[in-house]
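What follows is the residue order along each chain.
Number of protein chains: 2
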Amino acid sequence: MAIGGGIIGGGGHHSAVAARVAAAAHVLFLTTAVLMLVWLLHFRGGINIQSDDPEQIFNVHPFVMCWGFILLIGEAILAYTTIPMDHRTQKMVHMLVHLVALILAIFGVYAAFKFHDAAVAPDLVSLHSWLGILAVALFGLQWLFGFFAFWLPGTHERTRAAAAPAHVAAGLAIFMLAVCAAETGLVQKSAAAASAGEAKLINVTGIFILLYAVAVAVAVALRKAFFY
Amino acid sequence: MAIGGGIIGGGGHHSAVAARVAAAAHVLFLTTAVLMLVWLLHFRGGINIQSDDPEQIFNVHPFVMCWGFILLIGEAILAYTTIPMDHRTQKMVHMLVHLVALILAIFGVYAAFKFHDAAVAPDLVSLHSWLGILAVALFGLQWLFGFFAFWLPGTHERTRAAAAPAHVAAGLAIFMLAVCAAETGLVQKSAAAASAGEAKLINVTGIFILLYAVAVAVAVALRKAFFY
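Keeping their order, the protein sequence lines are chains A and B. Counting in the UniProt record's numbering, the first sequence runs from 1 upward without gaps. Counting in the UniProt record's numbering, the second sequence runs from 1 upward without gaps.
The shape of chain A in the complex, shown without the other chains (with noise of 0.2 Å):
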């Protein structure tokens, strides 16, 4: 089964670039993971949700929102086309791990509000928590549409078929949000950042996050996904 088989065509030279840009989306994915460990451990003192010290919570929010809400999702979207099973499986891949960073990306803004507690200051006070907040919103919304018209039994092949080029063309916007939303956080790290070294190093981050998603939205691009 198939699913908008017409639609994610396979084979030919584009879909050998498309591995090969996928692979490349693979290793700025790891890249993007090592710094923003580096900047958490080293210039921010660790990680802890149940820390007595505020830093520490906060710490949580961008170390899973970073491997979750940006990192996952892209994976998850590379997968649908890139793991070498068959269609059921990388659907399978493609739906958990979506649901694996909606986890993750709840949990990071209960720790953004946990910190907001701790420090005693107030919620959803910046444009950063206002786009995130909608990037999570609408993520969660994608999932359930998603499972229901994709991996649920019933909806009819025809159906489908038409739904596919909305929910890739959604899923790249809300993936798009998402990365913005990220970008505004580590700027706002950025502008208060205790060092010029502590500072170039979340632009850097920022930078590999930005390419990061490029990578997988061309590889998305590449398989056809949208063209034809």
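Everything labelled a hint here was simulated from the structure, so no lab data went into it. One or more hints might be untrue.
Identical copies go unnamed one by one, so any copy, or any two together, can satisfy a pair.
Listed next, the in silico SDA-like pairs over lysine to any residue satisfying Cα-Cα at most 20 Å (straight line) [what the hints assert, rightly or not]:
#1 LYS91 x ALA170
#2 LYS91 x GLY140
#3 LYS200 x ASP53
#4 LYS200 x MET85
#5 LYS200 x LEU102
#6 LYS189 x LEU41
#7 LYS200 x LEU124
#8 LYS91 x THR159
#9 LYS200 x ALA163
#10 LYS200 x PRO54
#11 LYS189 x LEU35
#12 LYS91 x PRO54
#13 LYS200 x TRP130
Just so we're clear, the structure is a prediction, and the values are computed from it rather than from any experiment.
Mind docking chain B on chain A? Use the hints.
Here is chain B on its own, set in the frame of chain A:
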């Protein structure tokens, strides 16, 4: 000479919805532009590139970036399919409005550097500046590529048809990068706002910029520039 005629489809239900989404984008354009003016004139004391007050020099930057680099680019994207004229005119407006946007973007970068000069602040320190410079540079390349491939005569029709999807995808990606850069800039100013009212106004402006970008992207997607 309808370039990419097989890609940019017309007519039908999707096209009517696309026209309505494009109309909504124009309303979002006006709202965003007015919010930006209220912010700069009412809260930040006016816009003047030749002022002795560094803040008034700075205000030129968000003004031309919002109007030029975000709003005009969106309108240029929409113009390609929505202006009720022959396709050659649509293309010319698309090309010329993008050129004005590019010139304004370069002027906006100049304003930021001039502000740093006047305020004795270092250049290109923030993640916002890195993302913004990247967006302007890529936009300039994209414009040059489009000018030679699609505007000047001499390129084979088949080459143009093959390059059109990449032009659309790269254009939307650069537009999203520009929006991302704008949001990071607004976040910096929101965090440093003089009052809670000003911060809220900046945040709302950021949300409207995002909604505008989404409306433009959806209008393009519905025009079938993407899917078929």
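Status of the hints after comparison with the structure:
Taking the shortest alpha-carbon separations for LYS91 and ALA170, only the intra-copy value of 17 Å comes in at or below 20 Å, while the best inter-copy value is 27 Å. Taking identical chains as interchangeable, the C-alpha atoms of LYS91 and GLY140 lie at most 20 Å apart only when both belong to the same chain, with a minimum of 17 Å there against 39 Å between chains. When the C-alpha separation of LYS200 and ASP53 is checked against a cutoff of 20 Å, the pair qualifies neither within a copy, at 25 Å, nor between copies, at 29 Å. In this homomeric assembly, LYS200 and MET85 never come within 20 Å of each other (Cα to Cα): the closest approach is 40 Å inside a single copy and 49 Å across copies.
For the homomeric pair LYS200 and LEU102, neither the shortest alpha-carbon distance inside one copy (29 Å) nor that between copies (28 Å) is at most 20 Å. Taking the closest pair of Cα atoms, LYS189 and LEU41 come within 20 Å of each other only inside a single copy of the chain (15 Å); across copies the shortest separation is 28 Å, beyond that limit. Taking the closest pair of Cα atoms, LYS200 and LEU124 come within 20 Å of each other only across two copies (11 Å); inside a single copy the shortest separation is 27 Å, beyond that limit. Taking the shortest alpha-carbon separations for LYS91 and THR159, only the intra-copy value of 17 Å comes in at or below 20 Å, while the best inter-copy value is 35 Å.
Taking CA atoms no more than 20 Å apart as the test, LYS200 paired with ALA163 passes in neither setting, with 42 Å inside one copy and 37 Å between copies. Taking the shortest alpha-carbon separations for LYS200 and PRO54, neither the intra-copy value of 23 Å nor the inter-copy value of 25 Å comes in at or below 20 Å. Only within a single protomer do LYS189 and LEU35 lie at most 20 Å apart by alpha-carbon distance; the minimum there is 14 Å, versus 26 Å between protomers. Taking CA atoms no more than 20 Å apart as the test, LYS91 paired with PRO54 passes in neither setting, with 39 Å inside one copy and 55 Å between copies.
In this assembly of identical chains, the alpha carbons of LYS200 and TRP130 lie at most 20 Å apart only when taken from different copies (11 Å versus 25 Å within one copy).
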